[in-house]
Each structure stands twice: as C-alpha cells, then as structure tokens.
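With these hints in hand, go ahead and build the complete structure from the sequences.
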Amino acid sequence: MRADARRNRELIVEAALDRFAVSGPAASMEEIARAAGLGVGTLYRHFPDRRALVEEIAGRSLRCLRTGLRSLAEQDVPRRDVIARYVGYCAGQPLALIKALAEENEAPEERLELQDELNGLLEALARQAQEEGTVRGDISPREVVELLSVVVCRPGARADDALTRVALDGLRA
Numbered sequence: 001m002r003a004d005a006r007r008n009r010e011l012i013v014e015a016a017l018d019r020f021a022v023s024g025p026a027a028s029m030e031e032i033a034r035a036a037g038l039g040v041g042t043l044y045r046h047f048p049d050r051r052a053l054v055e056e057i058a059g060r061s062l063r064c065l066r067t068g069l070r071s072l073a074e075q076d077v078p079r080r081d082v083i084a085r086y087v088g089y090c091a092g093q094p095l096a097l098i099k100a101l102a103e104e105n106e107a108p109e110e111r112l113e114l115q116d117e118l119n120g121l122l123e124a125l126a127r128q129a130q131e132e133g134t135v136r137g138d139i140s141p142r143e144v145v146e147l148l149s150v151v152v153c154r155p156g157a158r159a160d161d162a163l164t165r166v167a168l169d170g171l172r173a
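According to full-length UniProt numbering, the sequence shown is numbered sequentially starting from 1.
Heads up, a few of these hints could be off.
[Claimed, not checked] Computed cross-link-like contacts, EDC-like style, restricted to lysine to aspartate or glutamate with a CA-CA straight-line distance of at most 16 Å: (1) K99 to E56; (2) K99 to E55; (3) K99 to E146; (4) K99 to D116.
These are calculated hints, taken from the structure and not from any lab test.
A quick note: this is a predicted structure, and the numbers were derived from the prediction, not measured.
Encoded structure:
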C-alpha cells in the first residue's frame with residue numbers, strides 16, 4: 001500500500017473512532033469522511049461499507065489487546081495483578097463501541113478467533129490466580145472472563161470507576 005493510501009486509511013480509522021465516540025453508532029460515513037478531511041469516495045475505496053470499517057476497528061483493538069495481555073502475562077507478578085492491569089489497559093480501548101457496532105452484524109471468523117484467543121488467555125490467567133490463591137475459587141475461570149467482559153465492554157468503562165473496583169475487589173480471594 002502506498003504511503004498516502006496508508007495515511008488516508010489511518011485518518012479514516014481515527015476519525016471513525018472519534019465520530020462514533022461523539023455520535024454513537026449513528027455516525028454516518030459522510031461524517032467520518034469529513035472528520036478525516038477526505039472525500040466520501042476515498043473512504044469507500046478503503047472501506048466498501050460500514051461493516052468493513054467497524055471490523056477494521058474491532059480487529060485492530062483486539063490484536064492490540066492480545067499483544068498487551070501477552071506482555072502483561074510475562075510479568076513476574078501475582079496473576080490477579082496481571083488481570084487488574086489488563087482491565088485497566090482495556091479501559092483505553094473502544095470496546096463498548098466495538099461491541100455495540102459489531103452486534104449489528106455477524107462476526108467474521110478472524111474476530112471470533114481473536115476473541116476466543118483472548119478469552120482463553122484470560123481463563124488461563126484466572127485459573128493461575130485461583131491456584132496461587134489471589135482470586136476466589138467459587139467462580140469458574142470462564143465466569144471470571146464473563147464478569148471482566150461486562151466490566152470493560154460498557155460505555156465509560158475506566159480502570160478506577162466504581163463498577164470496575166467492585167468487580168475486581170469481588171474477585172479477590
């Protein structure tokens with residue numbers, strides 16, 4: 001891909017994230033193109049429809065989360081701390097937006113595979129945390145992942161908000 005095309009694609013993705021954050025799922029492709037400083041034709045050359053744009057955003061965010069989780073998991077700290085740091089890391093990602101927009105369409109195989117991989121990594125961390133005695137054992141690792149998903153995939157999720165603190169404190173052994 002040429003450098004100018006790559007730059008335009010990045011401008012579109014950044015503008016889409018901004019417009020979706022301001023206008024919610026109702027943000028139009030025309031609005032996004034305008035916010036990127038590009039014509040609608042340029043936007044549609046990169047993303048033939050709204051779904052393609054949303055999937056690009058979702059894929060990038062999930063790949064970023066996977067890289068972040070792997071990096072955190074390599075740290076020599078209690079597994080519960082890794083989980084808490086990951087939740088904080090998730091707060092910086094547009095997960096609520098991705099979830100809301102992606103629910104409009106059937107998920108492509110790549111996104112499903114990324115989600116399954118992330119869930120598997122989190123389940124392994126939850127199991128390790130239970131084995132080391134830092135996360136309560138009366139909830140399954142799968143349920144830990146489901147709880148964390150509720151916490152991070154909601155509008156306004158932050159690492160320091162009340163719901164996040166209550167959920168993490170509730171997991172403490």
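Against the structure, the hints:
1. K99 to E56: Answer holds: K99 to E56 is near 13 Å, not above 16 Å.
2. K99 to E55: holds (11 Å)
3. K99 to E146: holds (14 Å)
4. K99 to D116: holds (15 Å)
Hint check: no violations occur; every hint is consistent with the structure.
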